[in-house]
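Number of protein chains: 2
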Amino acid sequence: MDTEVCRRFGIEFPLFAFSHCRDVVAAVTNAGGFGVLGAVAYTPDRLEEELRWIDDHVGGRPYGVDVLVPGKIDESAERGGGLDDMLAAIPAEHWAFLAGLFEKYDVPPPDFEKAKRSNARGGTQVTKRGASELIDVSLAHPIGLIASALGTPPPLMVERARAAGVPVAALVGTAEHARRQVAAGADLIVAQGGEAGGHTGEISTMVLVPEIVDEVAPVPVLAAGGIATGRQMAASLALGASGVWCGSVWLTTEEAETPPPVKEKMLAATSRDTVRSRSRTGKPARQLRSAWTDEWEGPASPGALGMPLQMIVAEGAMRQINKVAESGGPGARQLANYFVGQCVGLMNTVKPARQVVYDMVQEFADAVERLNRITEG
Amino acid sequence: MDTEVCRRFGIEFPLFAFSHCRDVVAAVTNAGGFGVLGAVAYTPDRLEEELRWIDDHVGGRPYGVDVLVPGKIDESAERGGGLDDMLAAIPAEHWAFLAGLFEKYDVPPPDFEKAKRSNARGGTQVTKRGASELIDVSLAHPIGLIASALGTPPPLMVERARAAGVPVAALVGTAEHARRQVAAGADLIVAQGGEAGGHTGEISTMVLVPEIVDEVAPVPVLAAGGIATGRQMAASLALGASGVWCGSVWLTTEEAETPPPVKEKMLAATSRDTVRSRSRTGKPARQLRSAWTDEWEGPASPGALGMPLQMIVAEGAMRQINKVAESGGPGARQLANYFVGQCVGLMNTVKPARQVVYDMVQEFADAVERLNRITEG
Chain A
1 MDTEVCRRFG IEFPLFAFSH CRDVVAAVTN AGGFGVLGAV AYTPDRLEEE LRWIDDHVGG
61 RPYGVDVLVP GKIDESAERG GGLDDMLAAI PAEHWAFLAG LFEKYDVPPP DFEKAKRSNA
121 RGGTQVTKRG ASELIDVSLA HPIGLIASAL GTPPPLMVER ARAAGVPVAA LVGTAEHARR
181 QVAAGADLIV AQGGEAGGHT GEISTMVLVP EIVDEVAPVP VLAAGGIATG RQMAASLALG
241 ASGVWCGSVW LTTEEAETPP PVKEKMLAAT SRDTVRSRSR TGKPARQLRS AWTDEWEGPA
301 SPGALGMPLQ MIVAEGAMRQ INKVAESGGP GARQLANYFV GQCVGLMNTV KPARQVVYDM
361 VQEFADAVER LNRITEG
Chain B
1 MDTEVCRRFG IEFPLFAFSH CRDVVAAVTN AGGFGVLGAV AYTPDRLEEE LRWIDDHVGG
61 RPYGVDVLVP GKIDESAERG GGLDDMLAAI PAEHWAFLAG LFEKYDVPPP DFEKAKRSNA
121 RGGTQVTKRG ASELIDVSLA HPIGLIASAL GTPPPLMVER ARAAGVPVAA LVGTAEHARR
181 QVAAGADLIV AQGGEAGGHT GEISTMVLVP EIVDEVAPVP VLAAGGIATG RQMAASLALG
241 ASGVWCGSVW LTTEEAETPP PVKEKMLAAT SRDTVRSRSR TGKPARQLRS AWTDEWEGPA
301 SPGALGMPLQ MIVAEGAMRQ INKVAESGGP GARQLANYFV GQCVGLMNTV KPARQVVYDM
361 VQEFADAVER LNRITEG
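Which chain is which? The protein sequence lines are A and B, in order. Residue numbering for the first sequence follows full-length UniProt numbering, starting at 1 and increasing by one per position. Residue numbering for the second sequence follows full-length UniProt numbering, starting at 1 and increasing by one per position.
Treat the hints with care, since some could be wrong.
The list cannot tell twin chains apart, which means a pair is met if one copy fits it or any two copies do.
[Said to hold, decoys possible] Calculated cross-link-like contacts (lysine to any residue; reagent style SDA-like; alpha-carbon spacing at most 25 angstroms):
#1 Lys-263 to Glu-215
#2 Lys-104 to Arg-276
#3 Lys-116 to Ser-132
#4 Lys-263 to Arg-180
#5 Lys-114 to Glu-75
#6 Lys-263 to Asp-214
#7 Lys-104 to Glu-315
#8 Lys-114 to Arg-180
#9 Lys-116 to Pro-284
#10 Lys-351 to Ala-365
#11 Lys-104 to Lys-116
#12 Lys-351 to Glu-215
#13 Lys-128 to Asn-30
#14 Lys-323 to Asp-56
#15 Lys-263 to Thr-174
#16 Lys-263 to Glu-176
By construction, these hints were calculated from the structure, which means they are not laboratory data.
Please take these sequences and the hints and turn them into a complete structure.
Right under this line is the structure:
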């Protein structure tokens with residue numbers, strides 16, 4: 001395939017794969033696509049390790065990194081006191097609600113005091129300081145793209161990426177945000193529809209992509225949200241996108257580190273089984289509907305906190321829930337979930353990530369062939 | 001263009017236009033598409049008039065009718081007592097809330113007692129008896145399609161359509177509903193994504209269309225929801241649809257009977273300016289966000305009633321609001337709204353309906369051409 005994005009990023013197919021799993025990133029890059037590692041869950045040291053591993057496995061082929069630098073987070077996280085400030089800002093009733101959930105679903109609770117501190121360390125990665133460290137680690141590797149997953153890329157990110165000669169991508173959910181991101185220096189816009197997994201707005205991919213393509217032309221736009229097949233890739237390019245950005249579809253690949261009970265749920269889920277909920281990060285993020293999302297919406301819920309406080313409450317709990325679910329706890333299985341888009345309904349078999357790329361490219365070609373038959377008829 | 005749907009329905013372009021306005025229906029049919037008149041707002045006598053007019057203006061070219069036969073409506077409407085049963089089922093607080101809205105927004109209220117009875121007559125059109133009358137009127141005309149807009153087409157509709165040799169279409173928002181509709185006798189499925197105007201589910205067009213195409217093959221599927229341009233038409237066919245079904249895009253055409261203040265709002269609206277709300281019909285329907293939808297979501301709201309009771313409360317009020325808005329009342333302008341999908345953000349100029357068809361077909365061809373350049377590159 002020959003597109004501007006293919007030429008510019010040195011890839012065969014304009015297919016970008018967002019994953020927190022280095023094996024997926026390397027597999028997609030090696031198959032002719034462009035793997036992008038989601039860095040938010042990593043400490044700087046761990047990210048360094050992951051990127052070194054990728055460098056060793058892609059033979060110089062292009063890959064990128066995605067960091068989460070939200071525009072607005074709870075002010076306790078930026079106050080400078082680090083973990084202590086954040087922990088102090090979490091009301092006791094949230095820990096009590098969490099303890100109640102563990103009891104109700106018969107999940108042995110983690111050591112909350114210990115968990116709090118380790119979770120809070122995770123919370124620091126979305127602060128400006130935390131994200132800045134991840135950016136520095138990333139730019140020291142031969143990456144071909146740095147992406148800002150949420151909010152305008154901060155000047156610091158754009159400056160350092162420019163200095164390193166690395167293009168900057170930004171994920172957006174509205175045309176207005178796209179305009180702002182381009183003004184802030186984004187070289188590539190990812191137009192992400194509301195059907196996407198993770199943090200997302202409400203405008204669908206079908207409407208958002210042509211809107212943003214018209215808004216930011218000639219800046220190239222990748223379509224994201226609801227894309228797991230070659231037909232959807234062809235649809236995205238028909239809408240005017242220069243390529244696609246897929247996240248969910250990798251979660252059920254052989255390589256994915258998705259906890260097995262969650263993988264099973266995803267394979268069985270229909271497109272109706274997701275919900276946009278603030279219960280994992282504090283910002284609306286699409287994920288599997290489960291007892292976890294239901295309880296946080298329920299009458300006993302104290303309501304989700306802001307980001308990153310809700311992450312601190314949720315992530316340690318989900319680690320324990322996944323562990324117990326994996327060893328068969330039925331209550332933990334009810335609670336278990338993960339970020340995924342509506343295209344989870346189309347994810348019904350486990351394949352190697354490489355095969356997903358090849359299948360998408362083949363189905364893309366078939367879809368274009370079908371369109372030709374229609375117009376030539 | 002040559003598709004199975006084109007051959008089967010005797011049209012040049014697989015573009016179906018849903019409209020309550022006979023001029024739009026005739027214009028699209030005459031331009032080579034397939035116009036479908038939404039019958040729900042009409043009494044049987046009025047529908048007879050509209051269809052006679054269309055017959056006189058399309059020179060034998062194909063068009064269809066869409067009736068709304070909801071699966072579940074408020075039981076008062078089916079009790080047999082007609083208007084009185086329905087009016088008795090509406091709590092006084094809903095009329096009081098409505099009167100309060102008129103006062104707050106400085107809109108002279110209609111004669112509520114008179115309005116109640118005329119609105120309730122509208123409510124009877126969505127009962128089984130009311131819909132049945134509209135079906136009979138429709139099938140006495142040379143229509144090429146009868147569509148069920150909400151819920152499984154009732155056996156009565158399928159039987160009478162079969163006897164008249166008229167194909168039956170059904171609008172659906174999930175793969176499960178599509179399967180049920182085909183089992184009930186639907187010949188054509190309209191897969192309508194959550195970005196659509198009017199009654200809609202939550203799964204986006206990008207995900208829903210391939211899901212339903214796979215579910216009901218070889219029954220043909222039209223894509224609906226978010227489609228207002230030729231790029232989106234090409235995307236829909238890339239997804240596997242056999243054609244598209246558009247509703248919103250006609251609302252800002254020259255022919256449309258959209259109240260002028262609402263048309264102005266639509267031309268100015270972005271894709272963010274819609275909301276799924278029960279405030280007009282009692283079932284979730286996407287429409288322009290306005291003071292009307294905000295107030296029904298607000299703290300003073302008694303909550304929307306079921307269908308058709310909420311229609312009785314809302315429709316008479318909206319008629320008065322539109323009238324006052326048209327003569328410049330600022331409060332009425334704030335309240336005014338109408339059903340429309342997220343693609344309202346792409347509807348920025350007033351064109352004849354014929355021109356919308358031609359532009360979509362031309363842009364469709366351009367999109368396919370662009371896809372070819374990508375694959376051949």
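Outcome of the hint check:
{"no.": "1", "hint": "Lys-263 to Glu-215", "verdict": "between (37 angstroms within a copy, 23 angstroms between copies)"}
{"no.": "2", "hint": "Lys-104 to Arg-276", "verdict": "within (24 angstroms within a copy, 34 angstroms between copies)"}
{"no.": "3", "hint": "Lys-116 to Ser-132", "verdict": "within (23 angstroms within a copy, 63 angstroms between copies)"}
{"no.": "4", "hint": "Lys-263 to Arg-180", "verdict": "neither (37 angstroms within a copy, 29 angstroms between copies)"}
{"no.": "5", "hint": "Lys-114 to Glu-75", "verdict": "within (23 angstroms within a copy, 56 angstroms between copies)"}
{"no.": "6", "hint": "Lys-263 to Asp-214", "verdict": "between (37 angstroms within a copy, 23 angstroms between copies)"}
{"no.": "7", "hint": "Lys-104 to Glu-315", "verdict": "within (19 angstroms within a copy, 46 angstroms between copies)"}
{"no.": "8", "hint": "Lys-114 to Arg-180", "verdict": "neither (41 angstroms within a copy, 52 angstroms between copies)"}
{"no.": "9", "hint": "Lys-116 to Pro-284", "verdict": "within (22 angstroms within a copy, 41 angstroms between copies)"}
{"no.": "10", "hint": "Lys-351 to Ala-365", "verdict": "within (20 angstroms within a copy, 35 angstroms between copies)"}
{"no.": "11", "hint": "Lys-104 to Lys-116", "verdict": "within (21 angstroms within a copy, 50 angstroms between copies)"}
{"no.": "12", "hint": "Lys-351 to Glu-215", "verdict": "between (37 angstroms within a copy, 22 angstroms between copies)"}
{"no.": "13", "hint": "Lys-128 to Asn-30", "verdict": "neither (32 angstroms within a copy, 59 angstroms between copies)"}
{"no.": "14", "hint": "Lys-323 to Asp-56", "verdict": "neither (30 angstroms within a copy, 70 angstroms between copies)"}
{"no.": "15", "hint": "Lys-263 to Thr-174", "verdict": "between (31 angstroms within a copy, 23 angstroms between copies)"}
{"no.": "16", "hint": "Lys-263 to Glu-176", "verdict": "between (35 angstroms within a copy, 22 angstroms between copies)"}
Going down the numbered hints, you'll see the structure goes against 4, 8, 13, 14, while the others check out.
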